[in-house]
Amino acid sequence: MEEFIQQIIKNLANNGFPHKRVSLPTEKMFEIADGKGLSFNAVLDQLKEKHQITGEIGPDTIVFSLSQAGSDMFSKAQEMMSKMSPEEMQDLMQKAQDWLKK
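Here the numbering used here is used: the sequence shown runs in plain steps of one and ends on residue 211.
Hints are supplied without guarantee of correctness; some may be wrong.
Taking lysine-lysine pairs in the DSS-like style, the calculated list, with each CA pair at most 25 Å apart, reads [said to hold, decoys possible]:
| hint | residue 1 | residue 2 |
| --- | --- | --- |
| 1 | 137 | 185 |
| 2 | 119 | 157 |
| 3 | 210 | 119 |
| 4 | 159 | 204 |
| 5 | 185 | 157 |
| 6 | 210 | 159 |
| 7 | 137 | 157 |
| 8 | 204 | 119 |
| 9 | 204 | 185 |
| 10 | 185 | 145 |
| 11 | 192 | 157 |
| 12 | 159 | 137 |
| 13 | 129 | 119 |
| 14 | 204 | 145 |
| 15 | 210 | 137 |
| 16 | 192 | 204 |
| 17 | 129 | 157 |
Quick list of the computed label-pair ranges, beta carbon to beta carbon [what the hints assert, rightly or not]:
| hint | residue 1 | residue 2 | range |
| --- | --- | --- | --- |
| 18 | 116 | 193 | 29 to 35 Å |
| 19 | 157 | 123 | 17 to 23 Å |
| 20 | 158 | 133 | 16 to 22 Å |
| 21 | 144 | 198 | 40 to 46 Å |
| 22 | 151 | 197 | 17 to 23 Å |
| 23 | 151 | 122 | 18 to 24 Å |
| 24 | 111 | 185 | 21 to 27 Å |
| 25 | 167 | 209 | 29 to 35 Å |
| 26 | 206 | 136 | 32 to 38 Å |
| 27 | 185 | 151 | 24 to 30 Å |
Don't read these hints as lab results, they were simulated from the structure. Note that the structure is a prediction, hence the values are computed from the model and not measured. From the three backbone atoms N, C-alpha and C, an ideal C-beta is built for every residue, glycine too.
Build the full structure now, drawing on both the sequences and the hints.
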């Protein structure tokens with residue numbers, strides 16, 4: 110399930126998440142999850158619990174956004190980054206890139 114969740118998160122990021130809400134097709138998401146032997150409702154629960162991402166299911170699309178807790182963490186991270194020196198910021202970016210390569 111975690112691999113599918115990471116694919117969803119990557120797709121959301123490619124579409125501007127978390128800076129904006131992103132929608133994906135409802136029927137397609139349920140079909141993909143079913144094809145992987147997963148319950149998409151369970152996937153949504155994990156997204157909310159572990160990644161602070163909520164999905165509002167509509168008839169045509171699922172709208173993903175940061176939950177309040179995730180939004181607060183994002184704001185706090187932005188505030189902390191605004192206080193970093195250029196060297197600290199470069200170090201942080203390098204660590205993030207290294208982590209994403211794993």
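Next on the checklist: Check the structure against each numbered hint from earlier and tell me which ones fail, lowest number first.
Outcome noted: Of the numbered hints, 1, 10, 11, 14, 15 and 22 do not hold.
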